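Enquirer: Spelled out, the chains give:
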Amino acid sequence: MNDMSPAIELVGISKAFGPVQANKDISIRVMPGTIHGIIGENGAGKSTLMSILYGFYKADAGEIYIAGQKIQIPDSQAAIAAGIGMVFQHFKLVQNFSVLENVVLGAEDGALLRPSLAKARKQLKTLAEEYELHVDPDAIIEDLGVGMQQRVEILKALYRHADILILDEPTGVLTPPEADQLFRILGRLKTEGKTIILITHKLREIMDITDTVSVMRRGEMDSTVRTSMTNPADLAERMVGRKVLLRVDKTLAKPKQVVIEVRDLNITDEKGVHRLKGVSFNVRAGEILGIAGVSGNGQSELLEVLGGYGKATGEILMNGVPLDLTGAHSDGQSRRARGIAHVPEDRQHDGLIMDFSASENTAFGYHHDPEYQRNTLLMDNAAILRDAQGKMERFDVRPLNPLLSAKNFSGGNQQKIVVAREIERDPDLLLVGQPTRGVDIGAIEFIHQQIVALRDAGKAILLVSVELDEILGLSDRIAVMFDGQIMGERLPENTNEKELGLLMAGVTDGEAA
Amino acid sequence: MDKMPKWADVALVPVVSLILAALISAIVFVAVGQNPWEALKLMTYGAVGTSDFLGYTLFYATNFIFTGLAVAVAFHASLFNIGGEGQVLLGGLGAAIVVLFVPWPHWTLALIAGATAAAAFGALWVAIPAYLQARRGSHIVITTIMFNFMASGVLIYMLSGPLKPGGNMQIATEIFPEASHLPSLNDIAELFGSDLFGRSPVNISSLIALIACVGVWILIWHTRLGYQIRALGRSESAARYAGISAVNITMIALLISGGLAGMMAVNNTMGINTPQLVDNAAGGAGFIGIAVALMGRNHPVGIVIAALLFGALYQGGAELSAATSIPVQIVVVIQALVIMFTGALNEMVRSPIEKLFIRFGRNRVAGE
Amino acid sequence: MDFFTIIQLGDASVRMAIPLLLACLAGLFSERAGIFDIGLEGKMLAAAFLSAAVSYTSGSVWVGLLAGIGISVILSIIHGIASITFRGNQLISGVAINFFAAGLTVVIAQGWFAQGGRTPSLPKDARFNGLNFPGAVSRMRDKMQASPGMQFYSEFVSGHSILVYLGILAVPLSWWILYHTRFGLRLRAVGEAPEAVDTAGISVVRLRFSAVIICGILCGIAGAYLSTAVQAGFTKDMTANRGFIALAALIFAKWRPWYALGACLLFGLFFAIDIRFSNIQLQVIWIMALLLSCASGLTTYAVRREKIDVIVLGGLSFVLAGVAFVAWFATASTEGISIFAALWETVKVPSQLIQSLPYLFVVIVLAGFVGKAIPPRAGGQPYVKER
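Chains as they are written, first to last, in this note's numbering: chain A, 1 to 513; chain B, 514 to 881; chain C, 882 to 1268.
Quick caveat, the hints were computed from the structure, so don't treat them as lab data. Honestly, I wouldn't trust all of these hints.
With a straight-line Cα cutoff of 35 angstroms, these simulated DSBU-like cross-link-like pairs (lysine-lysine) come out [stated by the list, open to error]:
no.: 1; chain 1: C; residue 1: 1266; chain 2: A; residue 2: 58
no.: 2; chain 1: A; residue 1: 311; chain 2: C; residue 2: 1188
no.: 3; chain 1: A; residue 1: 202; chain 2: A; residue 2: 119
no.: 4; chain 1: C; residue 1: 1266; chain 2: A; residue 2: 122
no.: 5; chain 1: A; residue 1: 407; chain 2: A; residue 2: 202
no.: 6; chain 1: C; residue 1: 1266; chain 2: A; residue 2: 24
no.: 7; chain 1: A; residue 1: 202; chain 2: C; residue 2: 1266
no.: 8; chain 1: A; residue 1: 277; chain 2: A; residue 2: 254
no.: 9; chain 1: B; residue 1: 519; chain 2: A; residue 2: 24
no.: 10; chain 1: C; residue 1: 1229; chain 2: C; residue 2: 1117
no.: 11; chain 1: A; residue 1: 407; chain 2: B; residue 2: 519
no.: 12; chain 1: C; residue 1: 1266; chain 2: A; residue 2: 70
no.: 13; chain 1: A; residue 1: 202; chain 2: A; residue 2: 58
no.: 14; chain 1: C; residue 1: 1135; chain 2: A; residue 2: 119
no.: 15; chain 1: C; residue 1: 1135; chain 2: A; residue 2: 271
no.: 16; chain 1: C; residue 1: 1005; chain 2: A; residue 2: 311
no.: 17; chain 1: A; residue 1: 250; chain 2: A; residue 2: 277
no.: 18; chain 1: A; residue 1: 125; chain 2: C; residue 2: 1266
no.: 19; chain 1: B; residue 1: 519; chain 2: A; residue 2: 58
no.: 20; chain 1: B; residue 1: 519; chain 2: B; residue 2: 868
no.: 21; chain 1: A; residue 1: 202; chain 2: A; residue 2: 24
no.: 22; chain 1: C; residue 1: 1188; chain 2: B; residue 2: 519
no.: 23; chain 1: A; residue 1: 58; chain 2: A; residue 2: 190
no.: 24; chain 1: C; residue 1: 1188; chain 2: A; residue 2: 119
no.: 25; chain 1: A; residue 1: 70; chain 2: A; residue 2: 202
no.: 26; chain 1: C; residue 1: 1135; chain 2: C; residue 2: 1188
no.: 27; chain 1: C; residue 1: 1188; chain 2: A; residue 2: 277
no.: 28; chain 1: C; residue 1: 1188; chain 2: A; residue 2: 271
no.: 29; chain 1: C; residue 1: 1117; chain 2: C; residue 2: 1135
no.: 30; chain 1: A; residue 1: 190; chain 2: A; residue 2: 125
no.: 31; chain 1: A; residue 1: 311; chain 2: A; residue 2: 277
no.: 32; chain 1: C; residue 1: 1229; chain 2: C; residue 2: 1024
From a predicted model like this one, the values you see are computed outputs, not experimental measurements.
Only chain A is shown next, with the shape it has when bound in the complex (with noise of 0.2 angstroms):
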C-alpha cells in the first residue's frame, strides 16, 4: 500500500491553560514504523502536545486520528486503548512497589491479583527478550537507578500492547552510554513496526535517531521536515525564530588567588546512601568553575552543602577560613555572611516563594540585612520595595511591578529576580545551579552575560549545569562528577562533548584517555 495512512495525524490542536496558550492550531502526521522528533525550546508547547495525545489532557479544538480513525481522547484510558503508550518526563511509577506491580496496575485481568501478576511476569519474560528489556520484576522501583525505571516505564507501554509510544526528554536523566543504548532500543522497537515519537530540545539526539522532525515555537508548529534534509544550525534558527548565539562572549579568565578549597567531601544521606565521596577542589577569584554531569551524581548535595542547608564531613576553607559543615553555623544565613551567593537549582522550589511579591523575594534570604531594617524592630517595607524596583530595571524583569507575586511572572524573569538578588550583593563566591533551566532563549544570553561580567569583576564562580553546551561556553575550567566523585577536570578548550560524556559515564580518564 503505497498511500498508507499516518499512524498519528493530529489537525488542529490547540490547549489554553488560563490566558497562556500552549498549543495553537497544531497539525502533525506521523507514517508508521519511523521515529518522530518533536524539537522546541522550554515552554514551546511539546509536552503539551503530547500529553494531549495522551488524553491526559483535553484539547480545547482539534482532531485525532489514529491509523486514519478519527477517535476522542477524553482520558489516558482511551489513549492506551488506541494503542498509545507514553514515557513522561517525570516517572509515573509507585516507588514502594514492585516493578511486576506498577506494570500490571491499570491493566490488571480481574478483580483479584494473582493471575494479573502471574500473567506479567511470563509477559515480562517474553518482552525482555524480544526487546533486550531486562528488569527484575520483583526489584522495589526505589532502588532501581533511573534508566532501569525508564525501562519500567516503556515495558509498562508495551505490556499494554503500545503500537505508538511518546517519550517526553526521555534522554534527560541518562548518561550518554545509557542514552545510546536507550536509542538502540528504540530502533529494535521501530524495526518491529512501532511508531515512536521523541520529544528533545537536544538537536543531537534528533540528528542521531529521527526519521522525521517538526519543530515548535511558542504553542505553534513551525515546519516538520526530513532529518536527512536540515541539520543542527537550520533547526536550532527555526527552534528560536532567529539566528542563535551559540557561544557566550568572554575574554580568557585572570584567575587570582583560590577564594574557595575544597577538601574531601563526604555526604551520606538519611537513608545512608553514599552521595560524595571525597571529592575535592578549588575556585580562584576571577574564574568559573563548571561542573558537568549528568543530574543526580552529587552535583546537588554539593551545592546544598556549600549554600549551607546539607550537612557534611571534610574540609571546605573560604577565604582561608573554615566554613561550618554541621554544626550552628551551618546555614544559609551563616553562608551569605560570608561572602556566598546561591542561585538554587530549583527557582520555584528554593529560590523564590511564588506566593511572596517580587519585592519580598529580592529580601530573601537577606532579610536581616540592615538596610532593609527601619529600626530593631520593624523592617523597612518601602527601602525593600524601591532596592526591588532598582535590582529589577537593572536586570529587567517584565512587567516592572515588584508588587506582584512571583508565581505570576515567566521563568526568564523569575530566574533574573533570583540572579538579580544573588549577584547584587556582591559576593566572593557566587554558586550557580541549572542558571537556565526553563529558560527562554532571551533570557539565557542575558544571565550568562551576567555571570560573566561578575567574573570579571574579580569573583569566583562555582557553575553545575547539566547542559554541556552551557558548561563548555560558559566555564574557564570543567570538572566532571559521576557517582559522587570528581571523575577529572579539563579546560574547556582542550576538550569536547564526546570526552566529558565519557567521563561523566563514569569512564575514568585512564580509560578515557
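Put chains B and C on the given structure of chain A with help from the hints.
Expert: Same frame as chain A, but now just chains B and C:
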C-alpha cells in the same frame, strides 16, 4: 495577571461563603421546625437588641479575637493550632494563680501580671506539641487535640483539688480579690452618662484584644520574624535555602499562637462580673477561633469583623435557645458550616466568582 | 488479680477496641488512598445518633445500622467533594465535619425527641445484644465458678454483639482487599503516586471517592456499635474522642490492618483499665521513682542533642521532677508525718490522670519514640495534574 481584584478576594468570597453557610443553616432550622426568618430575628435581637445583649456580643467577640489571632498566627506558618481550647484553659489557670496568690494593689498591675501569666501558661501548654512538630514531625493537629483533653483534666484536678475554696460545691476557684477586678466598659461609659453596655461583662480587655490585633499585624507584615514565619509557611524548602530555621520558627510561631489563646483568659476569667476560673472557661472559643481566622483571611481586620459576627452569633444563639426549644449547639453547626465554606470549600466558592470576573474583565477590554 | 479479672479486663479491652478498630480501618482505607480524614470522630458521632434514633423509631436495629452507615457515607462524600473535587484543605474539611456532627446531632435530637439532645433509651430488641455461643455460661455466678477454659470461652469469646465479630473479621478482610485484589493495588497506588494511577488510565477521583465511601461505611458501623450495642441510645458527644485516638492508632499501626488490630487492642486496654480501676493507689516512692526516671531519661536524651531539645525536654523534666516533689511534700504535710515516712505513704492517683492516659499515650506514639512510620506519600495533598 491577578485574575480578580483584591477586594473580591478578601471581601466578596467570604461574604458569598457566609451566605451559603446561612442558607444551609436555614435548612437546618426548617428541619427542626423553626421558621428561619423568625430565628434570624430572634438571634439579631438577642445579639444587639438591648445594651446588655450588645455588651455580651462584644464580650464574646473579644474572646474570639484572641483565639482567632492565635489560629491565624499559626496558619501563617502553615500550622494548624487546633489546641486553642486547651491553651485558653491553661491561660485561665495561669491568670487565676497569679491573681489569687498575689495581693495586687490595683487592677492595672493585676491586669499586666494576669495577662503575662495567662500568655505564658498558654504558650507553655503548646510548647510540647510545638516541639514534637518541629523536631519529631508529630502532627500538630492530633497532638494539640490530645492536649485539649489533658488540659481539661489538669483544670478539673486543680479546681477540685489544690485551688478548691473551702466549703464550695462549685468546681471553680474563689472569686478574685476586689482590687484585681477589671473595669467594665460600662463603668467607663457611665463616666459619660451612658448605659451603652448594660450589666454585661464586656470590659477593658476588649482594648487589649484590639492592641493584640495591631501587634499581630505589625508582627506578621512588618518584622523579620513575621517575614520568616510567612516564608516558612509558604515554602519550607525555600526557607531552608534562605537559612530560616524551621525548628525555631515553628516553635516561636506556635508559642505566640498559644500565648494569644492563653490571653483570652484575661477577658473570660478576670473580666467577668464575678471574676473566677470555672471548669468550662473556654466554652468552645478555641474552636470558634478556627472559623474566625478562616473567615477573616488570617488578617487582624478580617478577624475583628469575623469575631464580631461570631460574637453576635454566640450571644444571639444563646438567646434563641432560651426563647425556643433549639439548643445552643446550633451555633456549633453554623460555625462548622462557616469553616467548611470559607476553609475547605473555598475553591468551590472562589472559582465561579473568578470566572465571572474574567468574563466581565474581557468584555470590558473588548468594549474599550 | 485473679484469672477471671484478667479475662474480664481482656473482654472489656475488646469491647472498647472495636469502635476504635472500625474507625482505624476506616481511616486506613481513606489515608491509604491519600485522603487524610480527621473527621472520623464526626462521622461516628452522626452515625451513633442516627442509628439510635432510627432503631428507636423503627424498632429494628438493622434499619438503624443502615441509617447510621448512610449518614456517615454522606459526610464522607462531603469530605470527598471538599478534598477531592475542590482540592480543599483536608484537615479543615475534617474539622468542619466534626463540628457539624457535634452540633447537628444535638439540635436534631432535641427537635426529634425533645429529651435534652439525646435519644430515648432503646428497648432490648432495638439493640445489638450479646450472642451467647453454644455451651457458654452467661450468668456471672456460673462464670466465676467455671474452669479457666470455660471462663475464657464464656466471657472472652462468647457474649459479644455481632458487630464485635464483624469488626474483628474486618481486619483479615481489609488485609485481603488491600493486598490481594485489583482494587487494593490501585488504592495503595493512588495514595502513593496518584499520577501513576492517572496515566495508567484509572480515574483518581473515582478511586479516592470509593476509598472515602468505604471509610464512611466503617465509621458508620463504629458509630452504630456505640449507641446500639455498647450503650442503649445516643448521648451528646458519646464518641468521646475515639475518632482521634483511632487516627493515632493508625499511625502506630503504620497503616497496616493487622497492626491496626494490635494498636486498637492496646488502646482498648487503656480504656478498660480506666473504667475498671478508676481508683489506683500508689506509694509515694513509686510515684517519685516513675516521674524522676522519666525526667532523667528525657534529660539524658536531650543533652546529647541540640539547644532546643535541652530547653524543651529539660523544662519538661523540671516540671515532672517538680510534680514528684510537690506530691511528696504535700503528702507529708497533709498527713502530718515526717518526710521519710511520707515516702511509704499510699496516695490515690488523680482520676483525671488515669483518664488522660490514652491521650498521653497517643502523644508518645506520635512523638515517634515507639517506632517511626512513613505515611502514604501523597497523603493530604489534592491531586493536580502536573503542567
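Enquirer: Take the hints in turn and mark each one as holding or not.
Expert: Results for each hint:
A C-alpha spacing of about 12 angstroms is found between residue 1266 (chain C) and residue 58 (chain A), which places the hinted pair at or below 35 angstroms, so the restraint holds. For a cut-off of 35 angstroms, the pair hint linking residue 311 (chain A) to residue 1188 (chain C) stands: about 18 angstroms separates their Cα positions. In summary, the hint linking residue 202 (chain A) to residue 119 (chain A) is not supported, as the alpha carbons are separated by about 38 angstroms, beyond the 35 angstroms threshold. Only pairs whose Cα atoms come within 35 angstroms are accepted, and residue 1266 (chain C) paired with residue 122 (chain A) is accepted, the gap being roughly 33 angstroms.
Annotation: proposed proximity of residue 407 (chain A) to residue 202 (chain A) holds, straight-line Cα distance about 27 angstroms (limit 35 angstroms). Distance check on the hinted pair: residue 1266 (chain C) and residue 24 (chain A) sit about 21 angstroms apart at the alpha-carbon level, within 35 angstroms; holds. The hinted pair formed by residue 202 (chain A) and residue 1266 (chain C) meets the criterion: a straight-line CA distance of about 26 angstroms does not exceed 35 angstroms. Between the alpha carbons of residue 277 (chain A) and residue 254 (chain A) the distance comes to roughly 30 angstroms, so the proposed pair stays at or under 35 angstroms and holds.
The suggested pairing of residue 519 (chain B) with residue 24 (chain A) holds, with an alpha-carbon distance near 31 angstroms, which does not exceed 35 angstroms. The suggested pairing of residue 1229 (chain C) with residue 1117 (chain C) holds, with an alpha-carbon distance near 30 angstroms, which does not exceed 35 angstroms. For the suggested pair residue 407 (chain A) and residue 519 (chain B), the alpha carbons sit about 16 angstroms apart, so the restraint of at most 35 angstroms is met. The hinted pair formed by residue 1266 (chain C) and residue 70 (chain A) meets the criterion: a straight-line CA distance of about 26 angstroms does not exceed 35 angstroms.
For the hint linking residue 202 (chain A) to residue 58 (chain A), the alpha-carbon distance of about 27 angstroms falls within 35 angstroms, and the restraint holds. Proposed proximity of residue 1135 (chain C) and residue 119 (chain A) is supported: the alpha carbons are some 31 angstroms apart, at most 35 angstroms. Taken as a hint, the residue 1135 (chain C) and residue 271 (chain A) pair is honoured in the structure, with Cα atoms around 19 angstroms apart against an allowance of 35 angstroms. Among the hinted pairs, residue 1005 (chain C) with residue 311 (chain A) is inconsistent with the structure: their alpha-carbon atoms are about 66 angstroms apart, more than 35 angstroms.
Restraint check: the Cα-Cα separation between residue 250 (chain A) and residue 277 (chain A) comes to about 33 angstroms, which is no more than 35 angstroms; the hinted pair holds. Taking the CA atoms of residue 125 (chain A) and residue 1266 (chain C), the gap is near 33 angstroms; set against the 35 angstroms cutoff, the hint holds. Taking the CA atoms of residue 519 (chain B) and residue 58 (chain A), the gap is about 31 angstroms. The hint holds against a cut of 35 angstroms. Pair hint residue 519 (chain B) plus residue 868 (chain B) holds up; C-alpha atoms about 15 angstroms apart against a cutoff of 35 angstroms.
A distance of roughly 23 angstroms separates the Cα atoms of residue 202 (chain A) and residue 24 (chain A); the hinted pair therefore holds under the 35 angstroms criterion. Restraint check: the Cα-Cα separation between residue 1188 (chain C) and residue 519 (chain B) comes to about 43 angstroms, which exceeds 35 angstroms; the hinted pair is violated. Between the alpha carbons of residue 58 (chain A) and residue 190 (chain A) the distance comes to roughly 28 angstroms, so the proposed pair stays at or under 35 angstroms and holds. As the CA atoms of residue 1188 (chain C) and residue 119 (chain A) are separated by approximately 57 angstroms, the hinted pair breaks the 35 angstroms bound.
A C-alpha spacing of about 32 angstroms is found between residue 70 (chain A) and residue 202 (chain A), which places the hinted pair at or below 35 angstroms, so the restraint holds. Note on residue 1135 (chain C) and residue 1188 (chain C): the hinted pairing holds, with a Cα-Cα distance of about 31 angstroms set against a maximum of 35 angstroms. A C-alpha spacing of about 30 angstroms is found between residue 1188 (chain C) and residue 277 (chain A), which places the hinted pair at or below 35 angstroms, so the restraint holds. For the suggested pair residue 1188 (chain C) and residue 271 (chain A), the alpha carbons sit about 25 angstroms apart, so the restraint of at most 35 angstroms is met.
Proposed proximity of residue 1117 (chain C) and residue 1135 (chain C) is supported: the alpha carbons are some 32 angstroms apart, at most 35 angstroms. Using a Cα cut-off of 35 angstroms, the hinted pair residue 190 (chain A) and residue 125 (chain A) holds, with the two alpha carbons roughly 20 angstroms apart. Distance hint between residue 311 (chain A) and residue 277 (chain A) is fulfilled; the C-alpha atoms sit about 14 angstroms from each other, no more than 35 angstroms. Between residue 1229 (chain C) and residue 1024 (chain C) the CA atoms are separated by roughly 31 angstroms; this keeps the pair inside 35 angstroms, and the hint holds.
Violated hints, in rising order: 3, 16, 22 and 24; the structure is consistent with all others.
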